[in-house]
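Chain order of the listed sequences is A and B. Mapping to my numbering: the first sequence position 7 is 7, numbers consecutive. Mapping to my numbering: the second sequence position 36 is 36, numbers consecutive.
No lab work stands behind these hints, which were simulated from the structure alone. Heads up, a few of these hints could be off.
[Claimed, not checked] Interface residues of chain B toward chain A, partial, derived using beta-carbon atoms under 7 Å:
(1) S9
(2) C12
(3) R91
(4) F101
(5) P103
Glycine included, every Cβ here is placed at the ideal spot set by N, Cα and C.
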Amino acid sequence: KAGVTQTPRYLIKTRGQQVTLSCSPISGHRSVSWYQQTPGQGLQFLFEYFSETQRNKGNFPGRFSGRQFSNSRSEMNVSTLELGDSALYLCASSLGVASYNEQFFGPGTRLTVL
Amino acid sequence: DAKTTQPTSMDCAEGRAANLPCNHSTISGNEYVYWYRQIHSQGPQYIIHGLKNNETNEMASLIITEDRKSSTLILPHATLRDTAVYYCIVRVDGYGQNFVFGPGTRLSVLP
């Protein structure tokens, strides 16, 4: 079974631009979560989607948004990019949202904001 | 905030067992203990999780104390490829509960 895939793997943008990242979960998984990882803050939760609905949201500004499609694929968008948005963005999928469902992570998208 | 405390770093000789401790003294009865690891700049890899009983899979064993206030991840025969940051996470039972990652333990397996 194929793992979680994320596209693109690397991205360079300039301040003020916007960016859209894509995540395809493991087949059959209906929950997708997004995380941001930076050297200073570590791994931080952004949001979680299940059946096209946002179930949980981390403490990030409204410039960060996401959505999930009927095939469970998910996108996240960051508008008005800032230098501090440079990070590894990770997507994780799981069968469901119950606590006993382990999450499987993708390889991440490394975003650099210049 | 992360509900776990782990050593910042540990060393282990190749071929020996690596025992990674985790304290979760405020854990509730319905919280699961999860372990993930992250090899440099890759996505975290799921290792194992448990609620009350000890668990074993092809990668590792998870030993949870009877009072559930601490646990140990055991890699039985560490290899150089096990060098990574290991995260211990407690996750509240219920829906919509995200994973809260702490700084983890940087394990170095030495030849």
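Cross-check of the supplied hints:
Of the supplied interface hints, the one on S9 (chain B) is violated, with its beta-carbon coming no nearer than about 15 Å to a beta-carbon of chain A, more than 7 Å. For C12 (chain B), the suggested interface contact is broken, since its CB lies about 23 Å from the closest CB of chain A, more than 7 Å. Taking 7 Å as the C-beta contact cut-off toward chain A, the hint placing R91 (chain B) at the interface holds, the least distance being around 5 Å. Taking 7 Å as the C-beta contact cut-off toward chain A, the hint placing F101 (chain B) at the interface holds, the least distance being around 4 Å.
The restraint placing P103 (chain B) at the interface with chain A holds, with a minimum CB-CB distance near 6 Å, inside the 7 Å limit.
Of the numbered hints stated above, those contradicted by the structure are hints 1, 2, listed in ascending order.
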